[in-house]
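*Asks:* The primary structure of each chain is shown beneath.
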Amino acid sequence: MADLFDGYSLGEQWDEMFGEVGRARPAYAGLFASMQPIDGDELAARADVLSQTYRDAGVTFAHAGEEQPFPLDIVPRVIGAEEWSVIERGVAQRVHALEAFLADVYGAGQVFADRVVPRSVITTSSHFHRQAHGLVPPNGVRVHVSGIDLVRDEAGDFRVLEDNLRSPSGVSYVITNRAAMSQVLPELFADHRIQPVADYPSRLLAALKASAPANVADPTVVVLTPGVYNSAYFEHALLARQMGVELVEGRDLVCAGNQVSMRTTDGQQRVDVIYRRIDDEFLDPVHFRPDSVIGCAGVLNAARAGRVTIANAVGNGVADDKLLYTWVPDLIRYYLGEEPVLQNADTYRLDDPDTVEWVLESLDQLVLKPVDGSGGKGIVIGPRADERTLGELAVKVRARPRDWIAQKPIGLSTCPTLVGGRIAPRHVDLRPFAVNDGDRVWVLPGGLTRVALPEGELVVNSSQGGGSKDTWVLSPPRQATEPEEADLTRIEFTAADLPEDPVGQDAGPLGDTVVGQSQQQQQAGAETAVSAARAGAETAVSAPRGARC
Amino acid sequence: MLSRIAESLFWIGRYVERADDTARILDVHTQRLVEDPWIDERRACANLLALMGSPVPDSEADTERVLATLAFDRASPSSIVGALSAARENARGAREVLSAEIWESLNVTHNALPQQRTMARRYGPHSLFRFVRERSAMVFGLADATMSRDESWLFLILGRSLERVDMTSRIISTRVLAGDAAPSWTLVLRSTGAYEPYLRTYRGMVNSSRAAEFLLLDRLFPRSVFAALEQAEACLAELERSTVRDAARIGVAGEAHRIVGRARTMLEFMSPPELLAQLPSRLEELQRTCSAASAAVTHRFFTEQAPQVWVPEEAG
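For the protein sequence lines, the chains are R and S, in the order given.
My numbering puts the first residue of the first sequence at 1, with every later residue one more than the last.
My numbering puts the first residue of the second sequence at 1001, with every later residue one more than the last.
Derived by calculation from the structure, the hints in this document are not laboratory data.
Keep in mind that the hints are not guaranteed to be accurate.
Sample of chain R residues at the chain S side, in silico, Cβ under 8 Å [unchecked claim]:
1) Ser9
2) Leu10
3) Ala179
4) Ala237
5) Arg241
6) Leu247
7) Ala305
For each residue, glycine too, the CB sits at the ideal point set by N, CA and C.
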């Protein structure tokens, strides 16, 4: 056994690389062998190069208003071809079921009539938007892009932790981690056949074009971002650039007579598809928050009139609610007549008093999650929480059980990770990304592996001190060299295309502080210390005319 | 191209050029303080600050003050650090059109500034100025090598050209306006990087009217006012050709183009002695030209409507 792995200890949980100490699982055999000759100092030196690459390219994520470097761990995570095909089928199945559900929610509501899901789950969801009722997308797709969060339990099975159907972020890491890694550790790649991830932007563009309003021959697609202070801004810019489309802000758009246009140096130009990375609430001040200055007034009416497609569709939040999550296996059976390929984590709804009582008694053995939370906020891990936290939690749960779900803790799998010059096990999760073009749900082979860098930490979000790993999906032997679809142009990646923040959805729940909102959504008018400082920076961008001119 | 992005590119060009020129000016200024035994430091510093459009303190105009204001003031887009930060912020918002290499170059430059500043405190500011010159050259070199000659490039170079006209005319002003505290023409030439080209062109001693002519009128030296105006004009002509229908039929279509063209022809068709005789007013005019041209470009290409305020009742 190489020095690198000396002292690597296996715990109760599943370890991605080792079944037993010193013996790598089959998918990791190649990686393990290639890493053997590398010593700790060498690996640490390469990790330094890696992080310098990221610093130079501006790979930071905005956390609490600060740009922070985003750590990429140098040890990749490997997923074998067979294992991946399960994930692929499971994710696609879930997306199909959730698409059907959303069409039902904003249409006939058969699922309620058939008593599969109580209607109240929807009407009490803060993400249910009446404004979206009856709005039928041109090719029927509402979930153009999704990110389904998975963890691997003690038995080695992947379990679904949550669905992200609004603006799941992090795919830019998948693309850029790969490029950065291949520069720093080319020899590791030489021994593997890894499915490429660089196709993603062209797949996304194809799906967005396919969703354009009818009778538009050559649709104009744009990416709509809240602006440079959004934590996922880097991702927005990367996707726009790699798709070769404009990255617009709300102020670049204008809507008149149900037609959306963007302001260009050559006058106004028609826009057909908006891949928006702005939350529903900020998207259209006519229908939602009237104080939003990052959206575009009238865009929802234009969508209703069939003149523009909004991707992902407005109102998807009802289907990625953590409470609705508990019904997804039922929805798969109901809409598709199939058994779920991927299981949920064991979850309890707090919908009857007995369960609530039981949960309240067992708080120290359960994980409690706020239904609306994202980015790991508000989660309480019972076995690790102190008395006071549990006491406060009990009060909140008792007051509003609808706002919570309870789960049995899952011992997240661990993966070898470089920590302080040594390799040590750290907990990981996985977010595969799926693109639905109306004909097929395509799952990007790889996905984002997030790793919790503090020892024993179970929350892997980058806002909680997490990093990420390059995620390798090995090719099945037969089709190793065949490109999957010839008509897709592969888009080249450059080293500077590095991502900003993979945390959760682009924006947290409403009801956060105004500061949080302005960072997440860049509300230009918000008068807070942070946004004032930001406004200063913003002024410097375009105001120097006054300085010397 | 989006108006907002075009505006960002225009300002990246201006800011990077501004940082470059300011570094050149300060480098010459600080060297001069060391080399010239008769110089009145306070006056020289006060003159420099006034020239760069900064408020001049009566008593404290020393080199430290000059550097604090023109090199390190983060809050001022007229300082080196401020201009480079602003360029990087603009680039951050225009990453999808800027080449990745240019973004990275600006980002690396920005990240290195704190360390450069520390080094400047310890070993003198020359290393900082050289760093800024090199990084600016890299940004424009990358623009040259990696950007399509489309609108994005045209706006970047237009910004650079207008800023260059402005800065070169300010540098000439240091000589013309400052009276006996003025730097020598040799120093003025050095601060625009024109000293060696000048020597090769005229072979020999620096002569005041020739030096002024060189900086104002030389067609071959890229930092001369004339060359920069010509470049700005070419960019504007090209931009109009691509964005204005029938541009070819009515001659010059844009206000910015007219402003720049007038300034260029003024230099082109005025006799050198006449020009030199009226130098102070001509230099001021050139600076006004830049400001007017910049405003016209903004009006023509970048103007966006004021944000509309929506009230719920209008939701209908």
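*Asks:* Which of the stated hints cannot be reconciled with the structure, identified by number in ascending sequence?
*Replies:* 1, 2, 3, 7
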